[in-house]
Every structure is written in C-alpha cells, then in structure tokens.
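Trainee: Chain by chain, the residues:
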Amino acid sequence: MNVLLKAINIHKYFGKQHVLKGVDLEVEEGKTVVIIGPSGSGKSTLLRCLNLLIKPDKGTILFNGMDITRGKINIHRVRQEIGFVFQSYNLFTHLTAIDNVMLGLVKVKKMDKSMARKIAEEALISVGITEDLWKKYPAQLSGGQQQRVAIARAIAMSPKLLLLDEPTSALDPELTVEVLNVLEKLSEKKMTMIIVTHELGFAMRVADEVIFMEDGRIVEKGPPERILLAPEKERTKIFVSKLMELYRIDRRYK
Amino acid sequence: MISELLDIFSKYGIDLVLAFILTLELTFLSFSIGFVGGIIIAVLRSSIAKPFRSLLTLFIEIVRGTPMIVQLFFVYYTLPVLGIKLDSFTASLIALGLNSAAYQSEYLRTAINSIPREQWEAAYSLGLSSFSTVINVVIPQALRIAIPSLTNELIYLLKFSSIAYFVALPELIYTAKWIASKTFAYMQIYIVIALFYTAVSMILSEIVTRIEKKVSIPGLTIKVS
Chain A
1 MNVLLKAINI HKYFGKQHVL KGVDLEVEEG KTVVIIGPSG SGKSTLLRCL
51 NLLIKPDKGT ILFNGMDITR GKINIHRVRQ EIGFVFQSYN LFTHLTAIDN
101 VMLGLVKVKK MDKSMARKIA EEALISVGIT EDLWKKYPAQ LSGGQQQRVA
151 IARAIAMSPK LLLLDEPTSA LDPELTVEVL NVLEKLSEKK MTMIIVTHEL
201 GFAMRVADEV IFMEDGRIVE KGPPERILLA PEKERTKIFV SKLMELYRID
251 RRYK
Chain B
1 MISELLDIFS KYGIDLVLAF ILTLELTFLS FSIGFVGGII IAVLRSSIAK
51 PFRSLLTLFI EIVRGTPMIV QLFFVYYTLP VLGIKLDSFT ASLIALGLNS
101 AAYQSEYLRT AINSIPREQW EAAYSLGLSS FSTVINVVIP QALRIAIPSL
151 TNELIYLLKF SSIAYFVALP ELIYTAKWIA SKTFAYMQIY IVIALFYTAV
201 SMILSEIVTR IEKKVSIPGL TIKVS
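Chains as they are written, first to last, in UniProt numbering: chain A, 1 to 254; chain B, 1 to 225.
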C-alpha cells in the first residue's frame, strides 16, 4: 500500500507549553485512522499541523512523498489536496450552502461556474443535502446539515486526504448519526481520512487504525478491536473504559 | 419673513441649488474615494508585510491626529509649492477623500477583526491564499458589519464638506454666507441651510437602513463587540 502521509517526530510549542512531544504518524492511502484521547492531549493541534494551519516547530511531514514542512512549498497548493472539517463547521456565513461548496472550486481550482455548480451539486447530494437546502444560508440550517455541507465543501475539492476534527462533538445524538453515516460511506469509498472523535462505536466499525493520544504523545495505536477492546497500556484501558461506561445502557433500566 | 425668503429664493434660488449640488457631489465623491481607499488600506494592512503596514499606520495616525482644515490647507496651499496646482474643488475632494479613507479603513479593520479566526482557517483549508481569503470571505462579511459606521462617516462627510468654504468653493455654506451678506437675512438663510443638511442626513440614513436590510444574511444575527 502506498503511504500517503508520514509525520515524523512532530513537536509544537505554544509559548512555553509543549503541546506535541514528538508524534510519529503514518497513513496509507484509502485508510481511515481514528484518533482518540482526552481533551488537551494535542489531537486538534496535530491535525492542524498536518495541513499547516499550524506550523510545527520541529519534525517532518511527508505528504504524497513530498516534504511539506521545508523549502519552497506552496502551502496553498498543498492545502487544496487536504480537506479539513471543523468541530464548529465553519461554513462561510455570507454564502448559501451551494456557494460554500463552489467557492474553492471557482476561486482555487479556477473552474467555470457551471462546472463548479455541477460538482457542488453532486457533492451535496452525496452527503444527503437535498436541493431545497442548496440556497439556504448556514444560519438557516441545523448543525447536522451544516456539518454535512462542510463535508461536501471539503470533498468537492477531491482531496487526497480528509482531516476531521471532532466533526460530531457539537451535534446532538440524532444529528451525530446523520454525519457519521456520511463518514462511513466515505470510508467505504476509500477516502483517506484522519478523524478525531469520541464515537467509539463508529471507530470500531469504520477505523482501520485507532490511535490513543495523551499529553502530546501517541500512547498506543493498532487495529480498533485491540485498542478499544484489549488495550495493552494501563492509560488506554482507563480512558476507553470511561468512554464505554458513558455510552453503556444498563440492563436494569429495561 | 416668508415673503422675504421667497424674495431671496426667487433671486438666489439657482445659486442655492448649484451650491446644494456641489455639496452633494463633494460628499459622495469623497465618500467613494474614501471607500475604495479604505478597502485597499484595510486589505493591505491585513495581508502585507510589516514595514508597509507601519507606513499605512503612520498615514492613518497623521490623518487622525491633525485637524481636517490643516489637511485641506496642505493640499490647497502647500502642494502648489511643489508644482501641483489644484482648483478648490479638486483640492477639497482630495483632502476629504484621503481623510475619509483613513477613517473608513479603521472602521473596516475593526469589522475585519471581528470576523472569527475560524472563517480564515476554513478558507485556508480549501487552498485560498491570504489575499483571496480577504477578498472572498472576510471583506464581504466585514462590510456588512461596518455598514452602520460607514453610514455615520457618510453623514459626517456631508457636514465636513462645509470646510471647503475656507478655500472659496461655492458649496452650501459659502453660498449661504454670500447671500446673507448681500441680503442681511442671516438667520433665515442659515435656518434654511441647516434644514437642508438635516433633511439630507435623514434621507441618507433611511436609504442605508434599507440597503442594510437588503444585504443582511438570512437567519444570522451579527454580534458587534
């Protein structure tokens, strides 16, 4: 399998705070990687380092065999090929759903409007956003709809890699399912994804690899069955069992 | 008093109308110069390198730190020394326009700063350059936020345009003074002029309120901090 992304020894400081303490990561093409871990463990920072929204202080990131952390790399060009989905959706508030999806196609890929519209429509349909919502503004959509539009905006650019930073954390359970279903479909279509999430059930079904991060380091990684059901490290055990407990339905209540 | 006024109008009505038009011309043209200049300055200040940025900051500080009359006299009386001779209308237009550009760029900068960081990040993630992000994402949102302050600026300019009096431009104040000195109807003339200014600013605010409604983003309540 072709390695699409390789991060080697990534360090990041915010002032004196050492947020990432030497993270190594390798993602093969077509794989879905899920990152779990307590808040403040550096998951979001790591994700933002991978598309250079945050510049790592030390370390190397190879994307598609190219070192994007050094030399005369055109950051904007690299970012075209790496989609990003945010926890708070971050749709452009002044644009309709379809214009949100079209912006990158027209302004970055320099497509003509009719072509861009066609691709945008396809992307919106693929995430279950029906035509009646295309002309709506973000503030007129539900959280789940906004997040699906945001996913459409990212995949319309046909990125090689999709980064998702807690895409369902701001959503209520029903809307979470909406969004997770979309992601599951993307995973089946072999979109390469790195997803930060606390949805263990989803990770179990969809992930090829689960990574547990804490305190700026990767504690443990492996296939979901192992990390989620039989972790080796004590810290992973505690974290996973806490999450399991959170989502358990006790039989007593039946 | 009424008959006196009618008398004045029948004699000097055409001068008043011309003066009125000149005042409006000066107001709108200098606002337009200020608007375009303000956007350019605001965009440059949020996307170019530091040394240029401080140059623009210096310009804004000078404009804000000196009386407008000094700026007008600089353009009208000092530039000819350097070989640039301007008529009173052009000089007033340049002085008011540059002054307004500095203020409008500040209003826009405040508005730009109120656009959440996440909007920039989302645009960058799609591969937009900083410039393209400012033009396509930030400015369209910032302009909507800045509408109320820009309206105030337009109304200020309407009133500030009267400083062109000092370089003998026959705008409203100059003409009013001239008519008054001929007819000795000082009070009546100045009341009429005051009503002119008030009526125009009321009409302008009404127009802008309608524009504001028209461009407002459906469903979105903009919070200005």
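Note that these hints are calculated values from the structure, not bench results. Note that the coordinates shown come from a computational prediction; the quantities given were computed from them, not determined experimentally. Just so you know, not all the hints are guaranteed correct.
[Unchecked claim] Once the Cα atoms are required to be at most 20 Å apart in a straight line, the calculated EDC-like pairs of lysine to aspartate or glutamate come out as:
(1) A:Lys107 with B:Glu118
(2) A:Lys107 with B:Glu121
(3) A:Lys160 with B:Asp87
(4) B:Lys214 with A:Glu121
(5) A:Lys55 with B:Glu118
(6) A:Lys55 with B:Glu121
(7) A:Lys135 with A:Glu121
[Stated by the list, open to error] Sample of chain A residues facing chain B (criterion: CB under 10 Å; computed from the structure):
(8) Gly30
(9) Lys55
(10) Asp57
(11) Gly59
(12) Leu62
(13) Arg79
(14) Gln80
(15) Phe86
(16) Ser88
(17) Asn90
(18) Phe92
(19) His94
(20) Gly104
(21) Lys107
(22) Lys109
(23) Met111
Using N, Cα and C, we set each Cβ at its ideal position, and we do this for glycine too.
Trainee: Compare the structure with each hint and give your call.
Mentor: Quick rundown of the hints versus the structure:
no.: 1; hint: A:Lys107 with B:Glu118; result: holds, 19 Å
no.: 2; hint: A:Lys107 with B:Glu121; result: holds, 16 Å
no.: 3; hint: A:Lys160 with B:Asp87; result: violated, 61 Å
no.: 4; hint: B:Lys214 with A:Glu121; result: violated, 27 Å
no.: 5; hint: A:Lys55 with B:Glu118; result: holds, 16 Å
no.: 6; hint: A:Lys55 with B:Glu121; result: holds, 13 Å
no.: 7; hint: A:Lys135 with A:Glu121; result: holds, 11 Å
no.: 8; hint: Gly30; result: violated, 21 Å
no.: 9; hint: Lys55; result: violated, 12 Å
no.: 10; hint: Asp57; result: violated, 19 Å
no.: 11; hint: Gly59; result: violated, 20 Å
no.: 12; hint: Leu62; result: violated, 19 Å
no.: 13; hint: Arg79; result: holds, 4 Å
no.: 14; hint: Gln80; result: holds, 3 Å
no.: 15; hint: Phe86; result: holds, 6 Å
no.: 16; hint: Ser88; result: holds, 6 Å
no.: 17; hint: Asn90; result: holds, 4 Å
no.: 18; hint: Phe92; result: holds, 6 Å
no.: 19; hint: His94; result: holds, 5 Å
no.: 20; hint: Gly104; result: holds, 4 Å
no.: 21; hint: Lys107; result: holds, 6 Å
no.: 22; hint: Lys109; result: holds, 8 Å
no.: 23; hint: Met111; result: violated, 13 Å
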